[in-house]
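Novice: Sequence:
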Amino acid sequence: MGDRKTKIFVKESLVGAEGGHDWWHVFRAWKLARHIATSEIVDSFVVELGALLHDIADFKFYNGDETVGPRKTRTFLGSLDVDGDVIAQVEKIIMNISFKGGQHTQKNKSPELDVVQDAGRLDSLGAMGIARTFNYGGYKNRDIYNPEIKPNLNMTPEEYRQSTAPSINHFYEKLLLLKDRMNTKTGRAMAEHRHNYIEMFLAEFYREWNGEV
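Per this note's numbering, the sequence shown starts with residue 1, numbered consecutively.
The following label-pair restraints were derived from C-beta to C-beta distances:
| id | residue 1 | residue 2 | range |
| --- | --- | --- | --- |
| 1 | Ala88 | Glu159 | 22 to 32 angstroms |
| 2 | Thr75 | Ser39 | 31 to 41 angstroms |
| 3 | Tyr197 | Lys7 | 27 to 37 angstroms |
| 4 | Arg28 | Pro111 | 19 to 29 angstroms |
| 5 | Leu80 | Glu208 | 42 to 52 angstroms |
| 6 | Lys60 | Lys7 | 15 to 25 angstroms |
| 7 | Gly211 | Glu159 | 30 to 40 angstroms |
| 8 | Ser39 | Gln162 | 35 to 45 angstroms |
By construction, these hints were calculated from the structure, which means they are not laboratory data.
Every value quoted in this text rests on a predicted model; they were computed, and no experiment measured them.
Glycine is no exception: its CB is placed at the ideal position from the N, C-alpha and C atoms.
Kindly produce the complete structure, drawing on both the sequences and the hints.
Specialist: Listed below in structure tokens is the structure:
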């Protein structure tokens with residue numbers, strides 16, 4: 001019952017959201033999290049709620065405010081009379097799931113967070129990761145590529161939030177770093193293929209950018 005109501009809540013909350021952070025992103029992450037969880041010792045209810053609610057209020061769309069998502073989550077799950085410990089675990093997932101730049105070191109961990117984080121990261125890789133990167137870049141009116149603006153691999157969380165760099169830089173500043181930051185065996189195995197797909201895309205991109213035949 002909780003999962004069904006949560007899906008409805010998330011769908012309604014994300015109507016009109018940017019295409020890379022909409023209901024379908026959540027749906028894909030939820031499916032991936034369920035798959036990864038079958039190979040891990042976790043509370044599957046916490047994993048499913050965490051995956052469904054992880055992007056309920058992404059800080060990128062709330063002026064960098066990372067408290068909105070956890071607040072909305074607590075209010076919603078509280079209305080369903082979900083156990084307080086479960087709510088706290090889901091809040092922990094939401095507060096710690098995001099990539100925040102090359103200099104950020106994640107301190108909080110849990111088996112459930114590991115699973116949901118891997119699921120979200122997998123949707124940032126491969127063909128979906130490429131599509132989401134350029135969709136968000138278009139949404140923010142960013143350049144596709146500017147060879148004069150080099151990727152910054154050592155951004156602080158604040159620099160990462162404020163970055164307006166071209167979309168291609170995002171591959172180096174986040175996406176290509178994710179393979180080595182996966183938490184679970186299943187996540188690492190799945191990330192390998194999606195990572196390689198991005199590398200092939202970038203090689204072709206530069207060939208075409210340079211007008212090679």
